[in-house]
Structure formats: structure tokens, C-alpha cells
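Using the sequences and the hints, build the whole thing.
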Amino acid sequence: MKGPTTIGVLVVLAGTAFCEQNALAQSQSAYNLQQNDMRNQQGVDNSFRQGDRQTYVNSLANLTKLRSKLAEAWQRLGMSPQAAQAVASAYQPSLAQNVHHDSLHGKSSQEVATMLQAALAKKDYMLANQTLIDYERDQAHVGSNTSPTGRH
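0 is the number of the first residue of the sequence shown in numbering that gives the first Met the number 0; add one for each residue after it.
Keep in mind that the hints were calculated from the coordinates and are not lab data. The beta carbon of each residue, even a glycine, is placed where N, CA and C say it ideally should be. Fair warning: there could be bad hints in the mix.
Have a look at the derived ranges for each label pair, beta carbon to beta carbon [unchecked claim]:
{"#": "1", "residue 1": "S79", "residue 2": "R136", "range": "20 to 26 Å"}
{"#": "2", "residue 1": "T113", "residue 2": "G42", "range": "55 to 61 Å"}
{"#": "3", "residue 1": "N31", "residue 2": "V98", "range": "54 to 60 Å"}
{"#": "4", "residue 1": "E135", "residue 2": "Q81", "range": "20 to 26 Å"}
{"#": "5", "residue 1": "M37", "residue 2": "N61", "range": "31 to 37 Å"}
{"#": "6", "residue 1": "S107", "residue 2": "L65", "range": "23 to 29 Å"}
Next comes the structure, spelled out in C-alpha cells:
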């Protein structure tokens, strides 16, 4: 009976060792999965940060272009380059959305010119810029080539 007992003990010991090894392998696997998840999350976070940084860089470039175009528009209306640049530099798109001004719908170029002159006289450059942008957008939509001062 010594043979079957020894074999039984060896089977039990081998089974126990196998179970312990399997549990260790599962524990290591769970640890590896956790590490992979952490690395993936870090990668996602880094991608978002990089995307935010690139969006910021792009928005600065777009803002510079927009202000340059605004300065050109002000110069076409008769402003000196320095004054046009000063007025255009005051434009901040994030704040401009909250600027309230009278609707330009149905207004003549002369009425818009009066609105622009009033905003400039009050040194409300944000209002002046937004009014000019809205006017230019409306004119591009309508396809008219007249300026707010009545000049072509």
C-alpha cells in the first residue's frame, strides 16, 4: 500500500504546486493587465495634453491671422495702419460672442458706418470689431462689394 499512498501524496503535492503556480500566474497576469491599463491611460492623457497644446498653438495662429485681416479691413475703411492694428489687436473671439450690438439686418452701409464710428469714438474696439466682422460676413453672404463707408 505504500506505492498507491506515495502516488496519491505526489498527485496531491503536484496538484497543490500546480494550483499555486496557476494562482501566481493569474496574479502576475492581473498585475500585467493593471500595468497595461495604467500605461494606456497615461498614453490617452498624454495624447489629450498634446492635442490641447496643438489646439492652443493653432488657435494663436488663427487669432493672429484674424487680427491681421481685421487690420486690413480697418485700413480699407481709411484707418492708418497703426490705428487699424491697435483696434484689431483688441479683438478677442471668446469675448466677442458676448458683445451685444444692434442687428445689422436691413441696415444700409451708411447706418453700419455710423455704428462703427460710434463704437470707435467710445473706444469700444470689441464692439467695433464684432460689428465689422458681422458686416463683412453679411456682405460676403449677400455678395455685395460696398463698404460701410459707401466706397467701393
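Results for each hint:
1. Evaluation of the 20 to 26 Å hint for S79 and R136 yields a pass: the beta carbon distance comes to about 25 Å.
2. At about 56 Å, the beta-carbon gap between T113 and G42 stays in the expected band of 55 to 61 Å.
3. Take N31 and V98: their Cβ atoms lie about 56 Å apart, and the range 54 to 60 Å holds.
4. The hinted range of 20 to 26 Å is satisfied by E135 and Q81, whose Cβ atoms lie roughly 21 Å apart.
5. A hinted range of 31 to 37 Å holds for the C-beta pair M37 and N61, which are about 36 Å apart.
6. Evaluation of the 23 to 29 Å hint for S107 and L65 yields a pass: the beta carbon distance comes to about 26 Å.
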